[in-house]
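S.K.: Kindly generate the complete structure, drawing on both the sequences and the hints.
Top line first, the protein sequences correspond to chains A, B and C. First residue of the first sequence? That's 0 in numbering that gives the first Met the number 0, and the numbers climb one at a time after it. First residue of the second sequence? That's 0 in numbering that gives the first Met the number 0, and the numbers climb one at a time after it. First residue of the third sequence? That's 0 in numbering that gives the first Met the number 0, and the numbers climb one at a time after it.
Warning: the hint list may mix true and false statements.
Said to hold, decoys possible - Using 16 Å as the maximum straight-line C-alpha spacing, the simulated EDC-like pairs for lysine to aspartate or glutamate come out as follows: (1) C:Lys365 to C:Asp379; (2) C:Lys121 to A:Glu108; (3) B:Lys75 to A:Asp254; (4) B:Lys131 to B:Glu183; (5) B:Lys108 to B:Asp95; (6) C:Lys303 to C:Asp261.
I should point out that these hints are in silico values taken from the structure, not numbers from a laboratory.
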Amino acid sequence: MSSAVVRWGVRRPEMLGLGALLLAGGLLAAVGTRLLTGPLAVLALGTVFASIVALVVVATMGTPETRRKIAPYGLLKPGMLWLALFYLAPLFTLLRLSLSTLPSRFAVEANFDWNFDNYVTAFTDFGPQFQRAFMYSGIATILTIAIGYPLAYVIAFRGGKFRNLLLGLVVIPFFTSYLIRTIAWRSILSDNGIATGMIGKFRLTWMLETMGMMDNGRLINTPAAVIFGLTYNFLPFMILPIYVSLEKVDVRLVDAAKDLYSTSTSAFRKVVVPLSLPGVFAGTLLTFIPAAGDFVNALYLGSPNTTMIGNSIQDQFLVQNNVPLASAMSFVLMLIITVFVIIYSRFFGTEDLA
Amino acid sequence: MSDVVIQLDHVQKSFGDFVAVEQADFGIQQGEFFAMLGPSGCGKTTTLKMIAGFEQPTSGKVLLNGVDVSRVPPYKRNVNTVFQQYALFPHMTVVDNVRFGPKSKKVPKSEYEPNVAQMLEVVRLSEFADRKPTQLSGGQQQRVALARALVNFPSALLLDEPLAALDLKLREAMQFELKRIQREVGITFVFVTHDQGEALTMSDRIAVMSDGRVEQIGTPEEIYNSPATLFVAGFIGSANLLPGEVAGTDGDDTVVTLTAGPTVRARTDIIRRVGDPVSVMLRPERLTATAEARADGRSIEGTVSDVVFQGATARIVVHLADDSEVIASVITGTDLPFLHPGSSVHLSWDPGSAYMLAGWPRRPGATASDIDTLEELADS
Amino acid sequence: MTTRRPNPFTGPRSAMTRRQLLMRAGALGAAGMTLPAFLAACGSDGGSGASATTPGTTPGTTPGTTPGGGGAGGSLFFENWPSYIDPTEDGATGTVDRFKEATGIDMRYTEAYNDNNEYFAKIQPLLGRGEPIDPDIIAPTSWLANRLIRLEWLDKLPLDQVPNAANLRADLQNPAWDPTGEYSLPWQTGFAGIAYNSDATGREITSVDDLFDPEFAGKVGALTEMRDTIGVIAMSLGIDISTLTTFDEAKPAFDKLQEAKDSGQIRRFHGNDYFDDLSNGNLAITIGWSGDVAAIARDNPAVKFVFPESGATSWADTMVLPKGAKNVAQAAEWMNFVYDPVQAAQITAWVGYVSPVDGVQDEVAKLDPDLANDPLVFPDDATLANTQGFAPLAEDVEAEYDAAFSAITGA
Chain A
0 MSSAVVRWGV
10 RRPEMLGLGA
20 LLLAGGLLAA
30 VGTRLLTGPL
40 AVLALGTVFA
50 SIVALVVVAT
60 MGTPETRRKI
70 APYGLLKPGM
80 LWLALFYLAP
90 LFTLLRLSLS
100 TLPSRFAVEA
110 NFDWNFDNYV
120 TAFTDFGPQF
130 QRAFMYSGIA
140 TILTIAIGYP
150 LAYVIAFRGG
160 KFRNLLLGLV
170 VIPFFTSYLI
180 RTIAWRSILS
190 DNGIATGMIG
200 KFRLTWMLET
210 MGMMDNGRLI
220 NTPAAVIFGL
230 TYNFLPFMIL
240 PIYVSLEKVD
250 VRLVDAAKDL
260 YSTSTSAFRK
270 VVVPLSLPGV
280 FAGTLLTFIP
290 AAGDFVNALY
300 LGSPNTTMIG
310 NSIQDQFLVQ
320 NNVPLASAMS
330 FVLMLIITVF
340 VIIYSRFFGT
350 EDLA
Chain B
0 MSDVVIQLDH
10 VQKSFGDFVA
20 VEQADFGIQQ
30 GEFFAMLGPS
40 GCGKTTTLKM
50 IAGFEQPTSG
60 KVLLNGVDVS
70 RVPPYKRNVN
80 TVFQQYALFP
90 HMTVVDNVRF
100 GPKSKKVPKS
110 EYEPNVAQML
120 EVVRLSEFAD
130 RKPTQLSGGQ
140 QQRVALARAL
150 VNFPSALLLD
160 EPLAALDLKL
170 REAMQFELKR
180 IQREVGITFV
190 FVTHDQGEAL
200 TMSDRIAVMS
210 DGRVEQIGTP
220 EEIYNSPATL
230 FVAGFIGSAN
240 LLPGEVAGTD
250 GDDTVVTLTA
260 GPTVRARTDI
270 IRRVGDPVSV
280 MLRPERLTAT
290 AEARADGRSI
300 EGTVSDVVFQ
310 GATARIVVHL
320 ADDSEVIASV
330 ITGTDLPFLH
340 PGSSVHLSWD
350 PGSAYMLAGW
360 PRRPGATASD
370 IDTLEELADS
Chain C
0 MTTRRPNPFT
10 GPRSAMTRRQ
20 LLMRAGALGA
30 AGMTLPAFLA
40 ACGSDGGSGA
50 SATTPGTTPG
60 TTPGTTPGGG
70 GAGGSLFFEN
80 WPSYIDPTED
90 GATGTVDRFK
100 EATGIDMRYT
110 EAYNDNNEYF
120 AKIQPLLGRG
130 EPIDPDIIAP
140 TSWLANRLIR
150 LEWLDKLPLD
160 QVPNAANLRA
170 DLQNPAWDPT
180 GEYSLPWQTG
190 FAGIAYNSDA
200 TGREITSVDD
210 LFDPEFAGKV
220 GALTEMRDTI
230 GVIAMSLGID
240 ISTLTTFDEA
250 KPAFDKLQEA
260 KDSGQIRRFH
270 GNDYFDDLSN
280 GNLAITIGWS
290 GDVAAIARDN
300 PAVKFVFPES
310 GATSWADTMV
320 LPKGAKNVAQ
330 AAEWMNFVYD
340 PVQAAQITAW
350 VGYVSPVDGV
360 QDEVAKLDPD
370 LANDPLVFPD
380 DATLANTQGF
390 APLAEDVEAE
400 YDAAFSAITG
410 A
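M.R.: Written out as structure tokens, the structure reads:
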């Protein structure tokens, strides 16, 4: 029997490789989601192991041609198994949980019963938090582009020998914990802090108040503070990809555009901007997605009226112990973000860039 | 031919203490194929950039159709450049690249579209209009760059080493292609190159530059046959430069006593007095090898030190009495039994083939680069 | 997400040290919600500071043998809140080291207990399936202890082996959260009342109503600990929080809080991270914990704690045995050790909370007479009479409370 498999495998190595890959991935995902438990799980893991061994056997017995055909599947295997166990399985578990009901508040296991109420609740009870999450992270993303793009531009085109130093300075805040940085901003933005003092000194308070940035002369615990915190914390994630794409732009293209009757401004607009869009695209994803799910900034720089969906999910998980609802909320957040990314990549897709 | 499109009026360009271009003062005619030739760092690209507007002269003026444009930015000058690596916009299709100039100039679409189509026709890329530059070969990219510039019907087209990025075969094909296109559109081409062969093949006139100075401007024939300076003589083609002293005149020719011994007659455009140090230039292909001397002062004697067979011709290296080496390119096929290393030989030439220049070369005989090339050929 | 930060304050300790501890505790509390690992690392680091040092040999601070002690050996693992016990430092031997020396028990003491809800989430998957967890003793706050008792996730204490349990303060015997008194012994207790900065308020504060004074709009805080915030407000409305059984009974307090939040009266809800805000005047007035405020007051005399006229809430952090704890005898030895007033006084002198052990005041008087007279550490009977513990809530009622409170805090 096994020799028959081996003989067939030697004849059609690529099919064997693909089959073993799918089998192993599926089994591992099943074990990860606890669809298979106990002896069955052991059996499944044994099969995964056996499929790997079988591949190795076929590969070593086979001709160089066989080995060449099997190799890609062998190389894909670690990544695929990793995905199956640590991405697909948790995702599936989360989906299942989000459709479950807890028999009692502190029960460990939720009963899977296609409970769509969790989704209804997620949509109806947390509207303001969802809105704030996307509004704050959206504004913060736009601000990071506004601040990060010129910075990346200067580093890439005018940085000269200081380029690496400047890039280092951009990354330096990462050496401190995200939380500590955020908490540190509290004293800077506090009522008697530096920022408020400066604004008062230059008599800008009324202006910021009119813009809704300040509230009774306060910066901290306002939406502006939360947006500011998000902007500050995610700025490097915008600068670095933009820098990378700008750095690849050939400055002679700007000369070429000027030679072809473009002013510096329109050369920038028509040549540099389009060529750096992949960086802006990547930076936007790296900023917007985590910022939309962030809860740290709203927690430390915000007020009860500025909480974001991340705070609500965290509260449902840790305080309310309502894991199914928290899962449903996470899923809704994920779905909205996915839709956003699809629409966004339609408009700013990178497929036609060299 | 008398319309001057570009006039450089005592143009000087310095970067700090370094003088990149020194007193460039010449004009380029309407419809001309004009080459600026010189080794790298000679100032030819800087000169081109000053014409394009990417650099501004430290002193002097650049005139375009009689108007001083020295301080006018590139986008307001009616010249266009084909950049060394073409600098095509990678995010645009071929046709969008070509449209870029007219669109920036705000030419109405109805006006430029026929021109765009026509230019793509001229460079034979109509069927590639919707490709991205990266999907094209080097030669095709080159032609896109040409079309992109020419579609603006500039007063002059500036080409910065346009063929340098191509391989040898493509380069030769593109030389003819460029000539053809230039004839077809009738626009002035100003062309920067370090390749003298390219310059000689394509240009109507050549400006040879060295160390920021224009050494000579003239037709390829003038520059080849009557180089103004030792540098030009050595840089254009192969040359044997033999030092000597003016001994007198004989009709139109000057009589020169060579350091290597013999007294020879040479044609010249310069006025020298007896005793002045001069060099006599002998092109290798103008020399013939004979067993006996010619009595009329048109031969020198030496010893063959090397023979490189090249098919129709053979290059021989001849050792003269003063230890300098001379290269001669001789026709093979005739029985030249004495042409083997160690044998004595007389190199002779026709009247008018020897040309006299002022000054002594740094190294007498064949230029070093010619010797090197020869050795490479011998190896291959 | 609350971290009840025990307060390290005693006379001889320098302000700088105290300050550092405050900062660290704040950072730990903050990190606790997202980075349990980071936290645990810091926590155990602190723990090793308290336990790993070689036991000192100062006979004066090492009291005689305690009942039940005497080289029994074995091991013990206690997971407690950060900065909640006197460490071995400055020539003084910490309680953990004194215990190890006195009993020969190999004790592991960590400070990874940062937050009741977070810790509950951590142990739920194990205890919920009937699997044991590593620590032999953990330190849930009374309401969580009550929840664990109801869930039957605790073992009864071997009180017969803890003779010193007789020293338990009378008002803490058979408490509401543990009616039979069989499952928990308090570790430290304290109060939630009003904390304020008199520079920022411009006047002395006596009443909960001051929290809702429009004069302080936008400069008012409250604790994220539902029982303390709702408790203090409910008491001011004349509600007896020790007898609550339904949500409706406490609803007026929720309504009042909701109104204050909607009007912008309340600037933020905070855990233990309000010291800076209170000290620099970002918050003029808030609901805070007694021990914390006393510590800040040493740096900034304008910061004060007051028992409101309407009364303060009282709370207790407890020692309990999670179900299946292995080292029960050793746990009993430990509890017996720290219920010895001599030992308990050492802890009180360092942490500054209200000790659950009778007789500590006399022992503290020998160490630090000022502290022995501090009404926040040794409140008089009248003050104690004006405090209430929050009634234990049935599971579904508690869920209602939690949900209503979260809705107000904005989560």
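S.K.: Hints first: check each against the structure and report whether it holds.
M.R.: Hints, one by one, checked against the model:
1. C:Lys365 to C:Asp379: violated, 19 Å
2. C:Lys121 to A:Glu108: holds, 15 Å
3. B:Lys75 to A:Asp254: holds, 13 Å
4. B:Lys131 to B:Glu183: This hinted pair is violated, its Cα atoms lying about 26 Å apart.
5. B:Lys108 to B:Asp95: Given pair B:Lys108, B:Asp95 holds - Cα atoms ~12 Å apart, limit 16 Å.
6. C:Lys303 to C:Asp261: Distance of about 27 Å is beyond 16 Å: violated.
Of the numbered hints given earlier, the model fails hints 1, 4, 6; all others are met.
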